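*Asks:* Chain by chain, the residues:
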Amino acid sequence: MVGLSLGEKHFIQGGIDQNLRSDGRKRDTYRPISVETGVIPQANGSARIRIGATEVIASVKAELGRPNALQPDKGKVSIFVDCSPVAEPMFEGRGGEELSTELSVALQRCLLGGKSGAGAGIDLSSLIVAEGKICWDLYIDGLVISSDGNLLDALGAAIKAALSNTGIPRVQVAAGASGDEQPEVDISDEEFMQFDTSGIPVIVTLTKVGRHYIVDATSEEESQMSSAVSVSINRKGHICGLSKRGSAGLDPSVISDMISVARHISEQLINKLDSEISAAEADEDEM
Amino acid sequence: MAAQGGAAPSTYTPTPTKKTQRSPFFSDSDVDWLRPDGRGFHQCRAAFFRTGAVNSAAGSAYAEFGNTKVIVSVFGPRESKKAMVYSDVGRLNCNVSYTTFANPARGLGSDNKEFSSMLHKALEGAIMLETFPKTTVDVFALVLESGGSDLPVVISCASLALADAGIMMYDLVAGVSVSCLGRNLIIDPILEEESFQDGSMMITCMPSRYEVTQLTITGEWSTAKLNEAMQLCLDACSKLDKIMRACLEEAASASQD
Amino acid sequence: MGLPDASGDLSSEMEVDAFRRLFPLRYFERHLSESIRPDARPLGRARDTTLALGAVASAHGSALAKIGSTTMLAAIKMEVMTPSTESPDEGSIAIDFHMPPICSPIVRPGRPAEAAPVISKQLSDTISSSGMINLKELSLVSGKAAWMAYLDIYCLDADGALFDAALLSAVAAFSHLQIPIVSLNDDGKIELISEEDDGAKLEVEPVNKEKRKLTLSGIPFSLTCILHKNYILADPTAEEESIMETAVTVVLDSSSRLVSFYKPGGPVLAHTSAVQDCVALTRQRVKELQNILDETLSGMEID
Numbered sequence: 001m002v003g004l005s006l007g008e009k010h011f012i013q014g015g016i017d018q019n020l021r022s023d024g025r026k027r028d029t030y031r032p033i034s035v036e037t038g039v040i041p042q043a044n045g046s047a048r049i050r051i052g053a054t055e056v057i058a059s060v061k062a063e064l065g066r067p068n069a070l071q072p073d074k075g076k077v078s079i080f081v082d083c084s085p086v087a088e089p090m091f092e093g094r095g096g097e098e099l100s101t102e103l104s105v106a107l108q109r110c111l112l113g114g115k116s117g118a119g120a121g122i123d124l125s126s127l128i129v130a131e132g133k134i135c136w137d138l139y140i141d142g143l144v145i146s147s148d149g150n151l152l153d154a155l156g157a158a159i160k161a162a163l164s165n166t167g168i169p170r171v172q173v174a175a176g177a178s179g180d181e182q183p184e185v186d187i188s189d190e191e192f193m194q195f196d197t198s199g200i201p202v203i204v205t206l207t208k209v210g211r212h213y214i215v216d217a218t219s220e221e222e223s224q225m226s227s228a229v230s231v232s233i234n235r236k237g238h239i240c241g242l243s244k245r246g247s248a249g250l251d252p253s254v255i256s257d258m259i260s261v262a263r264h265i266s267e268q269l270i271n272k273l274d275s276e277i278s279a280a281e282a283d284e285d286e287m
Numbered sequence: 001m002a003a004q005g006g007a008a009p010s011t012y013t014p015t016p017t018k019k020t021q022r023s024p025f026f027s028d029s030d031v032d033w034l035r036p037d038g039r040g041f042h043q044c045r046a047a048f049f050r051t052g053a054v055n056s057a058a059g060s061a062y063a064e065f066g067n068t069k070v071i072v073s074v075f076g077p078r079e080s081k082k083a084m085v086y087s088d089v090g091r092l093n094c095n096v097s098y099t100t101f102a103n104p105a106r107g108l109g110s111d112n113k114e115f116s117s118m119l120h121k122a123l124e125g126a127i128m129l130e131t132f133p134k135t136t137v138d139v140f141a142l143v144l145e146s147g148g149s150d151l152p153v154v155i156s157c158a159s160l161a162l163a164d165a166g167i168m169m170y171d172l173v174a175g176v177s178v179s180c181l182g183r184n185l186i187i188d189p190i191l192e193e194e195s196f197q198d199g200s201m202m203i204t205c206m207p208s209r210y211e212v213t214q215l216t217i218t219g220e221w222s223t224a225k226l227n228e229a230m231q232l233c234l235d236a237c238s239k240l241d242k243i244m245r246a247c248l249e250e251a252a253s254a255s256q257d
Numbered sequence: 001m002g003l004p005d006a007s008g009d010l011s012s013e014m015e016v017d018a019f020r021r022l023f024p025l026r027y028f029e030r031h032l033s034e035s036i037r038p039d040a041r042p043l044g045r046a047r048d049t050t051l052a053l054g055a056v057a058s059a060h061g062s063a064l065a066k067i068g069s070t071t072m073l074a075a076i077k078m079e080v081m082t083p084s085t086e087s088p089d090e091g092s093i094a095i096d097f098h099m100p101p102i103c104s105p106i107v108r109p110g111r112p113a114e115a116a117p118v119i120s121k122q123l124s125d126t127i128s129s130s131g132m133i134n135l136k137e138l139s140l141v142s143g144k145a146a147w148m149a150y151l152d153i154y155c156l157d158a159d160g161a162l163f164d165a166a167l168l169s170a171v172a173a174f175s176h177l178q179i180p181i182v183s184l185n186d187d188g189k190i191e192l193i194s195e196e197d198d199g200a201k202l203e204v205e206p207v208n209k210e211k212r213k214l215t216l217s218g219i220p221f222s223l224t225c226i227l228h229k230n231y232i233l234a235d236p237t238a239e240e241e242s243i244m245e246t247a248v249t250v251v252l253d254s255s256s257r258l259v260s261f262y263k264p265g266g267p268v269l270a271h272t273s274a275v276q277d278c279v280a281l282t283r284q285r286v287k288e289l290q291n292i293l294d295e296t297l298s299g300m301e302i303d
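For the protein sequence lines, the chains are A, B and C, in the order given.
Mapping of the first sequence onto UniProt numbering: position 178 corresponds to residue 178, and the numbering continues sequentially without gaps.
Mapping of the second sequence onto UniProt numbering: position 253 corresponds to residue 253, and the numbering continues sequentially without gaps.
Mapping of the third sequence onto UniProt numbering: position 48 corresponds to residue 48, and the numbering continues sequentially without gaps.
For the record, the hints were derived by calculation from the structure and aren't laboratory data.
Owing to the predicted nature of the structure, the values given are computational and were not obtained by experimental measurement.
Here a beta-carbon is modelled for each residue, glycine too, at the ideal position from N, C-alpha and C.
Worth double-checking, as some hints may not be accurate.
[Said to hold, decoys possible] Computed far set for chain C versus chain B, every beta-carbon distance over 12 angstroms: (1) Glu15; (2) Ser69; (3) Arg283.
[To be verified] Rough simulated footprint, nothing fancy, chain A against chain B, three-plus residues with beta-carbon under 8 angstroms: (4) 38-46; (5) 111-121; (6) 205-212; (7) 222-229.
All chains should be built: construct the whole structure from the sequences, respecting the hints.
*Replies:* See below:
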């Protein structure tokens, strides 16, 4: 919990009103973002993202599994977030659990698309090895290490970076198995395939403080919010998911307005992230 | 008898001999198909509400939209749990659970954590929490039968139950969802339609104040479609609001007699 | 409860209400001495009882029972199991009684009500020992497949006499039960035959064409009474149960044979005569309940 005095609250709100926030940013500026990939060697892909004092890690683990009977031509992806009590004393016990569930649900909604798989950032049919029999199951884990607001955007970016860092071993399916038999597979140690990550959306959270809304709020600013809208947007400018936090109601026209602002900001964020990710990949290769 | 002890025998639900397939009209979006229950794309199911379903609760409501049947009970304001710290605004505690027979295949009848937190978020903005400091209002929902659009029905029903309990609110909360199937938008989807949807949107709003308390979107949406869906939901919410108000008025005039 | 403005014009009633809350036992005893109960019932009369069948479309059999405001929703789902080796030609029944948080202010999510498992067990015992259902009728293919009937009863509103209402909803659900037609496929699995194409082109022989309904014999009905001093109160409300703690539940079948008898402790030690009175009250009540069930069933057939 952030305990602020009345004066500090006024200072934050006044700053936002005048488009000059406490740390010198404008309402629509992000804090510096830094990306580091391949931070967990055991995982198939991983990344660490720092946005200001917020730090999160995402890891991707791939395992062979059986596709769902209803969708035999698609792999499965699950996203789970853990909020470490190290990041914030409040995360200990139930508080952390609730936040973890909320973030996990929001990320699933923003990245995995509809029930039929349409609009998903990850092309689920690329995860199939043998239709109806074998597919890759991706387990995406997010870990919040240090929390200073805007966790959802950071986690979304970390997952995007971790997926571009992910290599999945190429699998040879032994021919000959027919009917209901489970075919034998040969997993390659050398050949890896990369994901097409261009379709993965970014998440932009607009936090409403007073009459204005800001991007990339710090936890001090978040304590003053009346509501927040997180929009996930892909490169095409299409909305891939949306969730709202905070108790206060919003006028529908304000929401439409926020969505179009988020779309505008997402363009810059996608470009910024892409260049950071490729720089991080290059760094990793050099080492 | 199962009560005789020992390991419970594993059982299964017999499946039909003819495998049900994804109905052709869902996969081909260009065809003008009919909805399984014969409704138009932008037509909601007939809504039925009744307050005072549970006598032992402070307030309650029953809602029936086609096969979706839910009961919501409200208890309190009552003492908060001992472990809670002092709070000068009231607390709202929500829980949504399903019966074992709610779904076509027998389930375990467990709590739905995601829906519980969504219900909380949808209602909290409409309740005057400052009118019951230090205490808690419990909103418990039981989905008797799941027939699609469960969450919006639970939310609308819960706001009626709150009104029935005399909890002060700024406005009722009406919830409506829209599914996107191919190029078509269909409102108030049933279970079958939900399982094939490409995207979905749920809006809960306070119709008289014209404020959205909760909005969730999944799937890929273009701006035009997004705006169309939002307008569709908002219009349906204000219609639903009229039905909900009529239900409350009826209950109030019945109690006066 | 009790909004400030709601009590404004009820000042004359406030004193009675306060008395009721502060001295509940004396309040009740004053009524009992006049041979009447606060809800205007005579001591031996049960509350109005209604039954509705087929309330749950997704179940194979269901019933909604109301005794006063106590409401129970029972639903049966049929699944297939492999029968045990000891009884290869018998099906099975699993009964579960639930008290969800909506039913009473005492139940909270995550903390199940203490009464629920007790009533669950009582229901299972009563239904199995009454012999109402012949488990052989649930057999499909001897030694290979049999029905497992899952009966789940949800208490929607708890206002006393929970067991009576639960049992009534359970027997009503069983009498409403419509068993689906199934056949045995090549893998030894049971499959459903859809209703539309029956008769016309049945490639597969149904295994249970004749067994769509259960024959219920000796249906059990129950009545719970509260014993307090020399008074016997039939069909108590939740308030009465909380104030006077000695309850006696008698279960008789339709031919008035005693199926079971519960008196789980309580401060009042019952005389034999009191027990006999309870049984006599139950005998009357069984007739009423049997009539209600018959009327509801015949109402269904007309439809």
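*Asks:* What are the numbers of the hints that this structure violates, sorted from low to high?
*Replies:* Violated hints: 2 and 4; rest satisfied.
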